[in-house]
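**Student:** One-letter residues, chain by chain:
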Amino acid sequence: MLTKRIIPCLDVIRGRVTKGVRFQHNVDLGDPVEMAIGYSNGGADELVFYDITASAEHRPIDIGMVEAVARSVRIPFAVGGGISSLADMERVVLAGAEKVSVNSLAVRDPGIIREGSKAFGAQCIVLGMDPVGTDDPSFPSGYEVTVRGFRERTGLDAVEWAKRAVDLGAGEIVVNSVDADGTRNGFELRLTRLIAEAVGVPVVASGGAGTPRHVADAFTEGRADAAIVAGMIHTGEWTIGEIKSFLSDAGIPVRRTW
Amino acid sequence: MLTIIDYKAGNLTSVKLAFAALGVETRVTDDPAEIRAADRLVFPGVGAAASAMSNLRNAGLVDTLKAVTSSGTPFLGICLGMQILFDHTEEDGGTDTLGILPGQVRRFPDVPGCKIPHIGWNQVNDREEYYFVHSYYVEMNPFAEGTTEYAGVRFASLVRRGNILASQFHPEKSGRIGLKMLSDFLSWNP
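Chains as they are written, first to last, in the numbering used here: chain S, 3 to 260; chain B, 47 to 236.
Simulated from the structure, these hints should not be mistaken for lab results.
Check before you lean on any hint, since a few could be wrong.
Stated by the list, open to error - Short derived list, chain B residues pointing at chain S, Cβ under 8 angstroms:
#1 Asp52
#2 Leu63
#3 Ala64
#4 Met227
#5 Asp230
Ideal Cβ placement from N, Cα and C applies to all residues, glycine included.
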């Protein structure tokens, strides 16, 4: 049986993993490669790295870090942030990343999804989206996509954008709730489920995981195929093994040997 | 020397790095003579079947592959490198492939709740999980040593015939258990 994936998210600023709430109050958590090895040995099914200030600072992604991670772990990982062209995607893929995550770039230039998918396969192109809840009736799903660290609204309805990205060739969608991000109060399940039921590609729940119960809810109520965890494991409060034990006891299939 | 066949179907970095983690040097080549002279061969592949087949033809590798797979040289196909060993795939409107192994490759059916691609860690023979990423699968066949279930289909996820070993999953991305399979391949004497 296909298992549900637990994906630690490592936000990287200038070579260090950091954690903040809604992109603010960032604290240093450690070296990305050491943390990648630790989580891989601890049962992570996949990893995701976001070079979170690369775009804002107009820096290219840190390829040296991608290469070092690829040498050090034998599980798949995705890289996002600082991707501004097909050439950037290629550098990340050739450095050993399994997947490239595009977010603001795809909103600005949706054609990049098609180009990336054609060049590297749909499985390689992950659409990251940061929807925020809205009462505005011009957004039928009730969620509008934001970009640039939630600072900018796009006028795109979250469900419509997800469907369009899949039509263009995205092989997976990471749904990161702006409202839940960093709160550790649980994923925004309604949003996760809306997207998961609207598209035929895997959906990754992101933002808000604080307890193993939250992660279980993302898979059951949220219908997600994978869940991103960050703060709850970075602080040492929970291990991936503990989360997986909880999920397994709840009847959710997870990978138990690694 | 352990030789990775390069036919411009996807990225070889992970395969190279996995063997490097085992302390093994690899050579990457599309040269038919080097491929025929190799001690062991790895045939990876990600992407679309039709362009992979056209790349193989353009590089003059179709006959080379038929020769080495019947020569006794230990040969490991991975993902698309497994699928195109068979006769035919539904991909790209139907594509004839190498026909080295008899069998068909089909697309997963659209089943509510089952996403395509099949991405993630799935069990082989209802035991350990390996990492899969694919939309097409090899039908059950007499050489299936490992089988996996997805979208209501049980398919061949590991096949072995003579000197040919081939997996739908990615051993190079399957953690410790995947490295163990690659390590076993290095000492395999079919």
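**Student:** Please go over all the hints and tell whether each is borne out by the structure.
**Tutor:** Verification of the supplied hints:
1. Asp52: violated (13 angstroms)
2. Leu63: With a minimum Cβ separation of about 6 angstroms from chain S (threshold 8 angstroms), the hint on B:Leu63 holds.
3. Ala64: Constraint on B:Ala64 satisfied, holds at 6 angstroms.
4. Met227: violated (11 angstroms)
5. Asp230: With a closest approach of 15 angstroms, the B:Asp230 hint is violated.
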